[in-house]
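Asker: Build the full structure now, drawing on both the sequences and the hints.
Number of protein chains: 2
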Amino acid sequence: MNSTLAKLADNHLSVAIALPKVLHLVNHGAKVYSFKRYEYIPLRSDALWQIKTGIVRSLTWDEEGNQIILGLWSTGDIIGSLMSTLDPYQMQCLNDVEVEVLPSILWEQASSAIISHCHQTQHLLSISHCRTIEIKLKKFLIWLSEKFGKPCDRGILIDLKLTHQDIAETIGSTRVTMTRALNQLRIEGVISWKNHYLTLHSSFNN
Amino acid sequence: MNSTLAKLADNHLSVAIALPKVLHLVNHGAKVYSFKRYEYIPLRSDALWQIKTGIVRSLTWDEEGNQIILGLWSTGDIIGSLMSTLDPYQMQCLNDVEVEVLPSILWEQASSAIISHCHQTQHLLSISHCRTIEIKLKKFLIWLSEKFGKPCDRGILIDLKLTHQDIAETIGSTRVTMTRALNQLRIEGVISWKNHYLTLHSSFNN
Chain A
9 MNSTLAKLAD
19 NHLSVAIALP
29 KVLHLVNHGA
39 KVYSFKRYEY
49 IPLRSDALWQ
59 IKTGIVRSLT
69 WDEEGNQIIL
79 GLWSTGDIIG
89 SLMSTLDPYQ
99 MQCLNDVEVE
109 VLPSILWEQA
119 SSAIISHCHQ
129 TQHLLSISHC
139 RTIEIKLKKF
149 LIWLSEKFGK
159 PCDRGILIDL
169 KLTHQDIAET
179 IGSTRVTMTR
189 ALNQLRIEGV
199 ISWKNHYLTL
209 HSSFNN
Chain B
9 MNSTLAKLAD
19 NHLSVAIALP
29 KVLHLVNHGA
39 KVYSFKRYEY
49 IPLRSDALWQ
59 IKTGIVRSLT
69 WDEEGNQIIL
79 GLWSTGDIIG
89 SLMSTLDPYQ
99 MQCLNDVEVE
109 VLPSILWEQA
119 SSAIISHCHQ
129 TQHLLSISHC
139 RTIEIKLKKF
149 LIWLSEKFGK
159 PCDRGILIDL
169 KLTHQDIAET
179 IGSTRVTMTR
189 ALNQLRIEGV
199 ISWKNHYLTL
209 HSSFNN
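Residue numbers (my numbering), protein chains in the order written: chain A, 9 to 214; chain B, 9 to 214.
Watch out, some of these pointers could steer you wrong.
Any copy, or any two copies together, can satisfy a pair, since identical chains are not distinguished.
What the hints assert, rightly or not - Below, simulated SDA-like cross-link-like pairs (lysine to any residue); rule was C-alpha separation at most 20 Å, straight line:
(1) Lys147 <-> Ile77
(2) Lys158 <-> Ser82
(3) Lys169 <-> Pro111
It should be emphasised that the hints constitute simulated quantities derived from the structure, not laboratory data.
Answerer: Written out as structure tokens, the structure reads:
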């Protein structure tokens with residue numbers, strides 16, 4: 009996380025760690041918390057929240073500090089920092105909100121893989137909001153290398169057969185634009201292609 | 009679904025309904041199925057699939073028949089038509105794939121709300137891939153009206169306080185562009201604003 013993002017995250021975390029007010033216990037012993045408009049719901053790694061009333065939006069920020077809204081959530085929806093791998097990530101109340109803590113016994117099994125499905129979709133959504141095609145492409149290649157990458161002599165081999173068209177469709181661009189952008193990265197010496205397999209060189213992140 | 013999409017969906021459904029081959033039963037009695045590169049995994053409304061080996065992509069199509077890739081999934085990931093509300097929706101194998109049917113006892117409780125969190129993110133991702141800002145905005149307003157809409161005299165009132173900036177951030181545009189696009193819809197008489205509350209008139213979908 010660069011310094012701009014760290015600062016943004018700090019600002020919001022300082023809001024998020026304020027102790028929420030327990031409203032009451034519901035039938036099965038779960039706690040209900042209340043939040044006001046514009047408050048942030050705490051980022052607890054051990055909890056999912058279920059919205060009882062109100063509207064919450066989940067959001068992240070790009071490198072320039074622009075907000076990227078990832079979703080709008082209301083009664084019955086489940087939210088929580090566990091639903092995202094993005095950093096920074098926050099949940100902001102759009103009006104008065106009540107949320108119930110969802111006990112982990114209800115979501116520990118198959119739910120973890122379902123949540124990781126969500127993570128990926130959110131990640132792609134976040135990439136699709138980047139302002140330039142170059143940033144979209146770079147972030148997508150980094151994500152691919154994290155999910156499908158294998159270390160090799162030159163850097164990281166993405167172990168997935170890919171065409172320029174595949175990449176264009178995934179990040180919402182055209183094949184022609186992708187070919188131009190990928191050729192540029194190849195000329196800069198930070199990637200190479202062989203038989204539809206892509207390698208990100210060690211210099212890629214510099 | 010318009011005729012182009014219906015045709016696309018038909019084409020792919022005809023692939024999807026082919027009877028998959030049961031490979032073997034794993035320890036707890038779940039069935040494992042195998043698919044070849046480019047085959048489509050059946051859209052079963054009663055099942056989630058967990059990937060054992062291989063890579064699968066989930067996708068939809070826009071009105072012009074352009075593919076929109078919603079995710080790339082590999083070993084351990086959970087996929088299934090239950091993970092999306094988009095129509096058409098397909099899961100295509102990118103290489104030889106084995107998937108296991110995940111019994112519903114593992115995902116029927118909290119998972120349904122978690123899956124609906126996924127649905128929404130996928131929907132926003134699909135909107136973010138639309139080619140023009142006018143289509144993005146129209147699709148987003150329809151989605152808002154389905155999630156937050158209340159019937160009123162003129163059509164559907166979106167029961168959520170919204171600024172032009174809020175909409176811009178959610179669909180990946182700028183406030184200036186949103187103001188222009190929303191004013192255009194207002195001039196056409198298909199929407200109206202009052203105190204940050206938006207109404208889609210009955211003529212909106214025509």
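Asker: One pair to classify: Lys169 and Pro111, alpha carbons no more than 20 Å apart. Within, between, both, or neither?
Answerer: Neither: 41 Å inside a chain and 31 Å across chains, both beyond 20 Å.
Asker: Please sort Lys147 with Ile77 into within, between, both or neither, judging by C-alpha distance up to 20 Å.
Answerer: For Lys147 and Ile77, both the intra-copy (18 Å) and inter-copy (16 Å) Cα distances are at most 20 Å.
Asker: Could you figure out if Lys158 and Ser82 sit no more than 20 Å apart (CA to CA) within one copy, between two copies, both or neither?
Answerer: Between. Shortest inter-copy distance 14 Å satisfies the 20 Å Cα cut-off; intra-copy 40 Å does not.
Checked against the numbered hints given earlier, this structure breaks only hint 3.
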